[in-house]
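Whole structure, please, built from the sequences with the hints as guidance.
In order, the protein sequence lines correspond to chains A, B, C and D.
Sequence positions in the first sequence follow numbering that gives the first Met the number 0 and run 0 to 327.
Sequence positions in the second sequence follow numbering that gives the first Met the number 0 and run 0 to 327.
Sequence positions in the third sequence follow numbering that gives the first Met the number 0 and run 0 to 327.
Sequence positions in the fourth sequence follow numbering that gives the first Met the number 0 and run 0 to 327.
Derived by calculation from the structure, the hints in this document are not laboratory data.
Because the structure is a prediction, the values reported are computed rather than measured.
Worth double-checking, as some hints may not be accurate.
One copy or two, either will do: identical chains are not told apart, so a pair holds if it fits within one copy or between any two.
What the hints assert, rightly or not - With a straight-line cut-off of 20 Å between C-alpha atoms, the simulated SDA-like cross-links for lysine to any residue are: (1) LYS322 - GLU274; (2) LYS260 - GLU241; (3) LYS260 - GLU135; (4) LYS102 - ARG226.
4 protein chains.
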Amino acid sequence: MKIGLIGTGRIGLMHARNLAAHPRCELVAVQDAHAPSAQEAAAATGAQAVAEVDELIEQVDAVMIASSTDTHCDLITRSAQAGKAILCEKPIHLDIAEVDRCKASIASATAPIQIGFNRRFDPGHTALARAVAEGEIGQPEMLVITSRDPAPPPVEYLKVSGGLFRDMMIHDLDIARFILGADPAEISAFGTSMVDPAIGELGDVDTAMVTMRFPSGALVHINCSRRSVYGYDQRIEAFGSEGMLISGNHTDTQVERYGAKQTGARERLLDFFIERYAKSYVNEVDAFVDTIEGKREVSPTFEDGRQALVLADAALESLHSGKAVALG
Amino acid sequence: MKIGLIGTGRIGLMHARNLAAHPRCELVAVQDAHAPSAQEAAAATGAQAVAEVDELIEQVDAVMIASSTDTHCDLITRSAQAGKAILCEKPIHLDIAEVDRCKASIASATAPIQIGFNRRFDPGHTALARAVAEGEIGQPEMLVITSRDPAPPPVEYLKVSGGLFRDMMIHDLDIARFILGADPAEISAFGTSMVDPAIGELGDVDTAMVTMRFPSGALVHINCSRRSVYGYDQRIEAFGSEGMLISGNHTDTQVERYGAKQTGARERLLDFFIERYAKSYVNEVDAFVDTIEGKREVSPTFEDGRQALVLADAALESLHSGKAVALG
Amino acid sequence: MKIGLIGTGRIGLMHARNLAAHPRCELVAVQDAHAPSAQEAAAATGAQAVAEVDELIEQVDAVMIASSTDTHCDLITRSAQAGKAILCEKPIHLDIAEVDRCKASIASATAPIQIGFNRRFDPGHTALARAVAEGEIGQPEMLVITSRDPAPPPVEYLKVSGGLFRDMMIHDLDIARFILGADPAEISAFGTSMVDPAIGELGDVDTAMVTMRFPSGALVHINCSRRSVYGYDQRIEAFGSEGMLISGNHTDTQVERYGAKQTGARERLLDFFIERYAKSYVNEVDAFVDTIEGKREVSPTFEDGRQALVLADAALESLHSGKAVALG
Amino acid sequence: MKIGLIGTGRIGLMHARNLAAHPRCELVAVQDAHAPSAQEAAAATGAQAVAEVDELIEQVDAVMIASSTDTHCDLITRSAQAGKAILCEKPIHLDIAEVDRCKASIASATAPIQIGFNRRFDPGHTALARAVAEGEIGQPEMLVITSRDPAPPPVEYLKVSGGLFRDMMIHDLDIARFILGADPAEISAFGTSMVDPAIGELGDVDTAMVTMRFPSGALVHINCSRRSVYGYDQRIEAFGSEGMLISGNHTDTQVERYGAKQTGARERLLDFFIERYAKSYVNEVDAFVDTIEGKREVSPTFEDGRQALVLADAALESLHSGKAVALG
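Below, the structure is given as structure tokens:
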């Protein structure tokens with residue numbers, strides 16, 4: 000199985016290495032609008048750097064899209080129409096209308112299209128979701144999701160990011176749907192700017208809480224912050240009629256310190272999403288290869304990517320209106 | 000200092016023992032509408048069981064009120080007008096109009112009136128609140144409060160309880176005000192009935208989430224459930240610009256179990272609020288004695304009790320309207 | 000049931016309060032060589048301070064002995080010969096010959112004699128011991144016992160203490176016998192003086208490790224230090240063919256701190272043995288009352304007290320000889 | 000830098016992959032007495048499978064030796080005399096006389112010889128050792144090392160393993176020397192066979208405890224078991240005048256389970272040493288490359304390998320004699 004990678008920035012380069020290391024696929028080509036970046040990825044993996052995406056698409060069985068968000072819809076359309084399997088980074092697009100146009104354009108595509116919600120493949124979150132699905136906590140009644148980035152990205156990035164809900168919380172909105180296996184009926188959002196005034200000046204928030212009600216009655220809370228001085232804080236708590244499951248944080252070692260003033264101190268949490276979710280990115284590629292080989296259903300699907308954006312948009316609407324937004 | 004106790008049910012009896020054991024006050028009289036209950040409390044503590052509240056009030060310096068909620072306002076008024084110090088169990092009343100009438104009736108009272116939000120005196124929650132106040136986590140940005148009872152009380156009780164927000168979450172609404180040292184600007188609530196259909200039939204909820212926005216921009220999430228099979232789940236997480244503090248759960252021992260299928264398993268959480276918050280009830284009485292002796296300001300005040308009810312009412316309004324409710 | 004207390008120092012006063020609070024016994028008299036100390040204990044509990052031990056013994060059903068170690072044998076003998084039940088603090092005596100003389104003198108006594116190894120009554124250690132006895136970890140194969148005091152007692156005390164093995168590790172030697180329900184076949188000890196040179200100058204050690212082999216093949220490790228800057232470190236780990244149990248340390252709250260440099264920091268361990276083992280002292284008295292009432296067998300027995308001293312002596316012998324000492 | 004690997008069994012294959020993935024060295028040749036095994040390793044890494052060790056040695060700059068223990072001395076000698084850098088798996092040999100002969104044979108070798116005590120490169124153990132070295136816990140006073148394998152290896156292996164002390168505890172003996180930066184003055188051992196009678200019939204033990212005294216007065220306890228049903232239990236506790244450090248166990252996820260009977264349950268520990276110490280093996284190779292490049296001193300040295308065997312032999316002597324064995 001030959002795979003090509005479009006977009007070799009920070010995340011793309013990580014994907015390039017994972018694809019190159021996978022035993023059942025071959026990374027044959029990489030492309031980036033910034034040619035030296037593609038050449039670096041090529042050098043690191045033995046793939047060929049190509050100049051044009053069409054050149055890449057035509058020589059592969061599958062395309063991984065890790066270029067900038069505004070290019071996703073076009074690249075999905077071109078790859079799908081060429082009959083290629085697709086793994087596209089989230090979000091599909093920041094504009095739901097564009098997503099819907101893209102959806103129409105690929106209606107007849109038969110090759111699988113997987114969206115890069117990598118957290119679905121994190122061993123801890125996956126184990127939690129599986130236990131919920133298997134009934135370990137009985138009827139699910141609540142999710143409490145904590146999602147805090149170590150530090151905000153540059154304001155230049157934030158300007159084109161789509162804002163906290165579409166750029167950052169979209170992962171958490173997706174994981175809630177994934178764990179509960181359903182779509183929410185209602186969503187409400189609160190947000191403020193406490194981390195950096197520059198973020199508020201953009202009209203964006205950096206501190207946010209969302210509540211969702213699912214048709215079963217289950218309630219979901221998500222909190223996000225653009226700053227967490229103790230590291231990348233990523234926790235999920237699932238509570239049900241027969242118990243609770245927590246998928247907790249990660250540190251590099253298991254060293255504990257005891258001194259005259261305190262006990263049990265651990266090091267900072269893993270700081271960087273690529274490090275924290277290293278295994279999930281590997282597993283994501285593995286799942287994609289399995290999907291292409293017909294060993295599993297596509298998941299998360301294009302529609303999962305679309306629904307997460309629908310929720311992010313509704314959260315934003317609630318933030319502005321002060322009202323809960325009914326869904327579906 | 001002579002103290003009298005009105006109401007010797009489950010909580011009252013516990014207070015009776017704590018008052019009797021306190022080195023700087025003397026429990027001289029107990030009263031209960033159900034005389035045998037008062038006699039039992041008298042026998043356990045060496046206090047005298049009296050038949051009438053006026054008989055009790057006139058012979059003491061301070062009155063602890065632990066009778067049924069509907070009697071609180073009347074007893075506060077009578078005790079205050081008699082010039083006695085008061086420690087009254089929460090809530091003051093379920094009807095804010097009654098609370099306001101009571102407030103007017105005691106306007107000229109000079110003896111301290113303390114409301115029984117015992118959790119403010121829990122060593123863990125207190126340490127967290129103090130650390131927040133001292134700036135240990137910088138600017139507070141979020142509170143996440145988990146508050147789950149092991150099992151719902153009898154439906155007969157629930158009918159007169161005022162519902163989840165006024166009866167149960169009122170503690171959490173108070174602790175949020177206590178930790179942040181401010182009043183919220185906005186509140187939004189979601190609730191469903193998943194634990195027992197009988198609760199839903201009463202028009203009450205058993206599973207609820209509330210979000211509040213404070214004037215500083217800080218956001219607060221509270222989740223409550225009337226059922227928690229693993230015990231009484233009481234956690235507070237305070238997150239700020241320079242760190243996070245968690246006040247966690249309690250178990251009876253520190254025993255961990257490692258077996259062929261799992262590691263690190265602990266026993267159930269302490270199940271019963273009187274056991275979980277045993278120290279907070281002792282500290283509450285101690286603070287009350289200190290207050291009477293002029294060593295500290297009254298806290299929580301009558302107004303704190305009133306504000307918590309205002310928030311519970313606003314949460315209920317939001318639950319029904321689907322809109323965030325502006326406050327203050 | 001009337002109880003008298005001999006010895007009202009630090010531990011004695013704590014016992015006085017526990018006896019006074021017990022619902023099924025009455026502390027009627029206290030005695031101490033230092034009369035003002037007895038009067039203080041009397042004032043705190045409502046007991047009568049008496050001048051002479053015989054005066055105390057004759058008016059009670061049971062005697063608790065918490066006076067200095069050198070008085071234990073004499074007081075046991077006098078109380079037992081007067082037909083009184085006895086709860087005597089550990090150790091029985093520092094000289095095994097005296098213990099054996101005492102044993103002979105009470106051979107015909109029929110009232111129960113319980114020795115004050117309070118840790119057998121700690122909820123955590125008890126739960127661990129019960130789980131081992133019930134086979135939860137299969138065949139027990141190892142115990143690892145950590146026992147570190149926050150700081151050494153005054154050198155004046157150490158001079159008459161009998162040394163680390165007889166004064167401090169005797170608790171751990173007893174708990175090993177208790178958990179495994181057997182006597183060891185062999186013991187080996189290493190010790191050094193690293194905490195305070197003054198301790199070494201006494202010929203004592205302040206840092207020690209002991210290994211024991213039990214007839215089943217099970218091995219036991221104990222480590223003791225006279226200094227632990229992070230608080231009173233008291234842990235037991237039991238390892239067997241089917242799992243492991245750990246009875247861990249205690250802190251006052253469950254607060255965790257997360258900051259820019261570290262995560263999960265807890266406060267210092269409870270520092271003081273009376274605080275750390277508060278429940279075990281209460282349970283010990285309760286067990287003693289149960290024993291007198293015939294509801295349980297005496298435990299720990301006089302012979303348990305004697306065997307712990309035998310082990311401490313053997314450890315000391317091994318320390319000096321550099322050889323493992325065969326026992327029994 | 001060209002590296003060759005001798006021995007491509009389970010550990011060898013793992014090393015092959017790590018060498019192949021290292022950015023600053025090239026695995027050019029692999030050799031194994033069992034040719035198909037070498038071919039498999041060659042296929043997995045792109046190295047060439049060669050038939051004879053001399054053929055391998057002559058074409059490389061450095062040799063990694065992961066063949067059976069009895070071949071180590073000969074291969075070290077041949078590689079060293081050919082001027083090659085060496086990374087040799089532990090133990091050097093089971094017979095100290097052979098080790099000493101090897102030592103003599105390589106006396107004039109100048110290229111670095113590193114011994115494969117991989118645990119020195121584990122991030123947790125390394126962080127603990129560095130903190131001890133930097134004085135974080137003041138004067139080190141005790142180490143408590145727990146080292147339990149999930150299950151015993153086949154009896155056929157055990158027959159030629161050299162026994163528990165030389166085969167398994169040798170890692171822990173080395174890590175004690177590493178952390179304390181010194182050689183012990185005295186060692187004492189206890190051992191029994193409780194896991195499998197077949198092990199006892201070999202004259203070996205499967206359950207063992209060792210105590211060492213270091214010249215500073217510091218004491219070290221090590222416990223080993225050939226069976227641990229809850230997974231691979233690998234902990235180090237370092238205790239000193241100013242605190243304690245613990246390097247704890249590893250699990251695959253951070254999921255905790257709360258149910259009606261228990262709370263906080265985690266999954267089994269990582270079971271397999273190659274998985275548990277995955278990072279340490281990678282770091283070990285990296286350190287070797289750094290050493291060859293002159294960026295760090297050789298460590299652990301041939302002499303470290305020799306001293307660990309001296310300690311294992313002395314432990315065995317103590318086990319049989321019942322006496323502490325003086326060292327050095």
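Check each numbered hint from earlier against the structure, then list the numbers of those it violates in ascending order. 1 and 4
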